[in-house]
Amino acid sequence: RGEDVPTRYELKLLTKSGEVRWVDFTARTVLFDGEFCTVGSAFDITGRKKTEEELKDSERLWRTMVETSPDGIATISLEGVVASVSKRCVEMWGYTDPDDLVGRHMLEFVDPAWHDKTMYYLGEMLKGNYTGPAEYLMVRGDGSTFYAEANAEILRDNSGNPTGFFVAERDITDRKQAEEALRESEAKYRFLTESMKDVIWTLDVETLRFLYVSPSVEQLRGYTPEEVMAEAMDAAMTPESASFIRRLVDERAKQFKKDETLNNTRFYTEEVEQPCKDGTTVWTEVVTTYWRNPRNGRIELHGVTRDISERKEVEAKIAHMAQHDPLTGLPNRALFADRLERALAASKRNGNRTALMFLDLDKFKPVNDTYGHAVGDVLLQQAAERMKAALRASDTVGRIGGDEFVVLLPAVDRAEVALLVAEKLLTTLREPFSIEGRSVDVSCSIGIAIHPEDGRDEIELSKNADAAMYWAKKDGGDCARLFRTASDASVAAR
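Using the working numbering, you'd call the opening residue of the sequence shown number 195 and step up by one each time.
Some clues are possibly wrong.
Subject to a maximum C-alpha distance of 30 Å in a straight line, what follows is the list of computed DSBU-like cross-link-like pairs (lysine-lysine) [as the list claims (entries may be wrong)]: (1) K391 / K471; (2) K557 / K668; (3) K542 / K506; (4) K391 / K559; (5) K582 / K511; (6) K452 / K382; (7) K382 / K506; (8) K452 / K370; (9) K542 / K559; (10) K206 / K243.
The hints are simulated quantities; they were obtained by calculation from the structure and are not laboratory data.
In this text, all values refer to a predicted model and were calculated from it rather than measured experimentally.
Turn these sequences into a full structure, and let the hints steer you where they fit.
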């Protein structure tokens with residue numbers, strides 16, 4: 195029936211001397227002289243098996259070293275494709291499975307801004323011009339970034355031809371942040387020493403006296419450095435600022451003593467009003483940091499003072515715009531409501547009365563329609579000036595929209611006082627207005643509500659003053675009406 199296919203085995207044999215040898219045994223069944231026989235051959239492969247075992251041990255050791263290394267290990271083809279990655283590399287790049295990385299181009303894991311630099315490094319390595327290490331900004335799987343430092347070696351075949359790259363990289367984000375912090379600290383130091391327009395100074399925290407003040411203080415406040423250093427810290431600021439700053443200096447000095455890692459590392463910023471030699475004041479921004487002098491062990495406060503007068507003026511203008519009507523400059527609804535709330539609170543404390551008026555210009559719409567909005571705007575501005583002139587300094591007139599105004603009279607003795615003020619407003623607004631060479635006539639309708647008789651709070655008082663103004667309008671305008679809780683009680687002032 196023919197010969198069987200040979201069968202191969204690798205066997206361990208025990209020799210006569212007791213030594214164990216590996217053999218490669220090949221056997222097959224043949225027909226010989228009418229009988230089936232097994233013919234076999236054996237080759238000693240002990241040396242080969244030993245080499246294979248040593249290779250396995252070496253590979254296991256290598257894999258252990260790779261997997262336990264704090265660095266991420268990867269092999270990359272000449273084309274830049276990831277061939278293999280260590281566990282640490284997978285973790286560092288923000289993934290969980292090596293298969294998420296293998297087969298992808300390495301630039302997928304590098305910030306786009308660093309692509310050209312990365313390929314340049316690899317090209318220079320192949321030319322023998324660069325050995326590393328190199329720094330890269332890497333991109334994790336979740337899109338976040340980290341800085342890595344990489345060392346690479348060229349992988350070669352038996353003929354010495356390059357086949358890829360062996361890369362070991364580590365996360366150096368903490369180091370880069372420390373370097374950035376150092377650069378910031380150096381930049382701040384340069385700022386302190388070079389920005390001589392600002393005032394640079396040193397203060398002894400215990401005595402609260404200046405140890406050094408730069409000459410620019412004379413330009414800022416009119417005092418020479420010697421004059422400033424001859425006085426205590428409080429003399430360098432207004433009384434209102436002094437107590438606040440003194441408390442801050444003391445609190446932060448105590449904190450510094452508990453944690454001296456803050457030494458020249460934490461910066462504080464305050465706005466301080468400081469007196470000038472000519473009797474005026476100047477607003478400044480003061481940046482400070484605490485430092486222990488290594489020569490004498492004393493805690494010092496190092497600071498830079500900058501003039502922010504222009505900024506404060508701009509802030510004041512913005513704050514004014516937020517609370518005032520842009521056309522007339524009168525308090526707007528928000529500011530008027532705040533003053534009304536304060537006046538009613540004072541009225542409740544002191545037991546006196548507060549009057550609220552709602553005022554609406556009569557015949558304003560025909561003026562606006564006939565002569566245009568420009569004339570209407572001038573009319574509103576002139577009317578606002580006349581009303582302000584007719585009121586006391588403690589009174590408030592505000593514009594709440596269109597031709598509607600409100601008047602607040604705090605601390606009035608009786609309702610008749612409010613009626614007298616209303617009469618003054620009626621009289622001043624009856625006078626013709628001269629606008630662009632033409633005479634314009636208007637009048638007004640006024641509704642008056644008195645706290646507490648006509649309203650216990652802002653809402654009720656405003657509602658009743660508005661109702662009284664409606665009665666004045668209904669009666670033909672150019673008059674004032676005083677609200678009374680009794681439906682038939684109204685007093686006219688003409």
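Next on the checklist: When the structure is checked against the list of hints, which entries are broken? Sort them ascending.
Outcome noted: Those not satisfied are hints 3, 4 and 9.
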